[in-house]
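If you're matching them up, the sequences are chains A and B in order. Position one of the first sequence corresponds to residue 1 (the working numbering), numbered consecutively onward. Position one of the second sequence corresponds to residue 1 (the working numbering), numbered consecutively onward.
Worth flagging that the hints you see were computed from the coordinates, not collected in a lab. Just so you know, not all the hints are guaranteed correct.
Claimed, not checked - Taking lysine to any residue pairs in the SDA-like style, the calculated list, with each CA pair at most 25 Å apart, reads:
1) B:122 with A:29
2) B:122 with A:135
3) B:77 with A:172
4) B:197 with B:259
5) A:275 with B:150
6) A:275 with B:143
7) B:77 with B:88
8) A:275 with B:131
9) B:197 with B:108
10) A:275 with B:146
11) A:275 with B:77
12) B:122 with A:186
13) A:9 with A:35
14) A:275 with B:139
15) A:275 with B:65
16) B:197 with B:120
17) B:197 with B:179
18) B:197 with B:77
19) B:197 with B:167
None of these values were measured; they are calculated from a predicted model.
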Amino acid sequence: MNPLTALLKRLFHRRVVLIAALLLLSIAALALIFPLLSDVDPNAIAVLDRLRAPSAAHWAGTDELGRDLAMRIVWGGRYSILIGVATACLSVIAGTVLGLLAGFFRRLDAPIMRVVDAMMSFPDILLGISLVSILGASLWNVVLALVIVYTPRVARVVRASTLVIRELLFVDAARAIGVGTPRILYAHILPNLMSPVLVQLTFIFAYAILAEAGLSFLGVGVPPEIPTWGTMIASSLQYADQAFWTIVFPGVAIILTALCLQIVGDGVRDLLDPKLRETT
Amino acid sequence: MSDNDVLIEARGLRKFFGGGAHPVRAVDGVSFSIRRGETLGLVGESGSGKSTIGRMLIRLLDPTDGQIHYAGHDLAKLSQRQMRPLRSRLQIIFQDPYASLNPRMRIRQILGEALDTHGLAKGHARAPRIAELLELVGLRAEYAERYPHEFSGGQRQRIGVARALAVEPDFIVADEPLSALDVSIQAQVVNLLGDLKERFGLTMLFISHDLDVVEFLCDRVIVLYLGKIMEVAPTRALYNRPLHPYTRALFAAAPIPDPAQRNAERPLLIGDIPSPANPPSGCVFRTRCAYALPACAEQAPPLAEVAPGHWKACLRDDLNPLPNKGAPI
Numbered sequence: 001m002n003p004l005t006a007l008l009k010r011l012f013h014r015r016v017v018l019i020a021a022l023l024l025l026s027i028a029a030l031a032l033i034f035p036l037l038s039d040v041d042p043n044a045i046a047v048l049d050r051l052r053a054p055s056a057a058h059w060a061g062t063d064e065l066g067r068d069l070a071m072r073i074v075w076g077g078r079y080s081i082l083i084g085v086a087t088a089c090l091s092v093i094a095g096t097v098l099g100l101l102a103g104f105f106r107r108l109d110a111p112i113m114r115v116v117d118a119m120m121s122f123p124d125i126l127l128g129i130s131l132v133s134i135l136g137a138s139l140w141n142v143v144l145a146l147v148i149v150y151t152p153r154v155a156r157v158v159r160a161s162t163l164v165i166r167e168l169l170f171v172d173a174a175r176a177i178g179v180g181t182p183r184i185l186y187a188h189i190l191p192n193l194m195s196p197v198l199v200q201l202t203f204i205f206a207y208a209i210l211a212e213a214g215l216s217f218l219g220v221g222v223p224p225e226i227p228t229w230g231t232m233i234a235s236s237l238q239y240a241d242q243a244f245w246t247i248v249f250p251g252v253a254i255i256l257t258a259l260c261l262q263i264v265g266d267g268v269r270d271l272l273d274p275k276l277r278e279t280t
Numbered sequence: 001m002s003d004n005d006v007l008i009e010a011r012g013l014r015k016f017f018g019g020g021a022h023p024v025r026a027v028d029g030v031s032f033s034i035r036r037g038e039t040l041g042l043v044g045e046s047g048s049g050k051s052t053i054g055r056m057l058i059r060l061l062d063p064t065d066g067q068i069h070y071a072g073h074d075l076a077k078l079s080q081r082q083m084r085p086l087r088s089r090l091q092i093i094f095q096d097p098y099a100s101l102n103p104r105m106r107i108r109q110i111l112g113e114a115l116d117t118h119g120l121a122k123g124h125a126r127a128p129r130i131a132e133l134l135e136l137v138g139l140r141a142e143y144a145e146r147y148p149h150e151f152s153g154g155q156r157q158r159i160g161v162a163r164a165l166a167v168e169p170d171f172i173v174a175d176e177p178l179s180a181l182d183v184s185i186q187a188q189v190v191n192l193l194g195d196l197k198e199r200f201g202l203t204m205l206f207i208s209h210d211l212d213v214v215e216f217l218c219d220r221v222i223v224l225y226l227g228k229i230m231e232v233a234p235t236r237a238l239y240n241r242p243l244h245p246y247t248r249a250l251f252a253a254a255p256i257p258d259p260a261q262r263n264a265e266r267p268l269l270i271g272d273i274p275s276p277a278n279p280p281s282g283c284v285f286r287t288r289c290a291y292a293l294p295a296c297a298e299q300a301p302p303l304a305e306v307a308p309g310h311w312k313a314c315l316r317d318d319l320n321p322l323p324n325k326g327a328p329i
């Protein structure tokens, strides 16, 4: 059995991880590929068909401007997933680097962590609003603003874990062998940080999608011509009592994606932990 | 003994933790030397500074003051970078074999890292060398592919020993290598260390609070109390005729298996070890010593040679030498 097959077999040993991975894959594939093949305009307005309940013609119903919700969810998935993935990856990378440096090098601890504390003292959404107002509303500026919001959280978690791992005996053992600091960070501390970091990754993905919705709701998110799951909920919220489907379906899309990612994230975390591996 | 025989020597070694008016004086002016091929025991209660000395010798801790002479260097003055090439020659076996192996690394990687760091056994030589190391410590070569959690405590400690030996050191600090192990396993590891010592002519600083193991493994013993040396002697001399009241109290505290051998005259220690942040004046042991005189508070007694190779730091020269172990059973 080649290593990749063995790896996948271990990852999908738990059936739920397999299901979540397949779902996630199909959500991503649908969101990425469908808009390329279809010439439907997700922003096409049909005022006569506004707020129609789900039917054969409109699987998920229509919104307040008569736009087909199913189509918009597929289109919106592109941007929501993009925002979630980009925010999660970038803030985890930045936060891990900062947290690792602050936790390992005592001299860097105070300067880095005071800045991090200052950032964390702002309410998330307020910080996001001010950053987007400064940067200007565009998809990538929203991502940048969210990365700035979430990086301090990751940095805190990573610093705390680094402080613990740094003092463990195997780090002393590596030092005694003569291993240099870069390799100690990379080979001894980083791998032992993976569990908390992966949990943060999946959390931030879900939070970022929701935060983008919040920013859009307040009018500082992505421009309205870009459909995202967040903007869909935000713009339809006032019709929720007449047409629940306008917020339920985008909401389900967010929950489903976040949940699947979380399950797959847990699976990967377990995969990386040798203790949970079956004895070979 | 000629100076050429000395492998490593500590002079006036101090380690204070924390600053201010009352730093913790973990090690306070300790000097000793270890001859090539010798196993020096370091005994004392918890908190006496044993591990701190061991860690300073290989510069896992930076001494506050003092010198460590090894191979023409003063290790205390070297930077961590300058220490790196010397690290293959100075190794340590840790107390806790559960924490001293990275849980994310296979045994092959753990041993391989030691080899790679010093450019030993590259390429094709690597796998056989790792197998050889494992067999040397009594483990099977196939274990190289396993992770640390798949081993018992004793097996892990063997891996710790293999890692220390991988870089072919000439000096090893064994920092209480047995205290985390079951008694039944301890004997195996003691025998392993004894074997390896014979085979490779290793020089070792053996830190322990198990007096029986020290007697078995060590050529000479230092008795440490509150960061200071109380007594130094060849093992046999020390065990037959402990001179310092603290050494006697230590021996008295060790359990004796035969009730008939127990006598009421054992000078047991009263109270706890004083705080190293605020040690007693004069002799640090005087607060718990059954023989203390007013003069003991005046000044710290110097370490003086009372018999060849037998040194003690005590004012009382008038104590009857009392045999510690009683008649043979």
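Tell me, in ascending order, the numbers of any earlier hints that this structure violates. 1, 2, 4, 11, 13, 15 and 18
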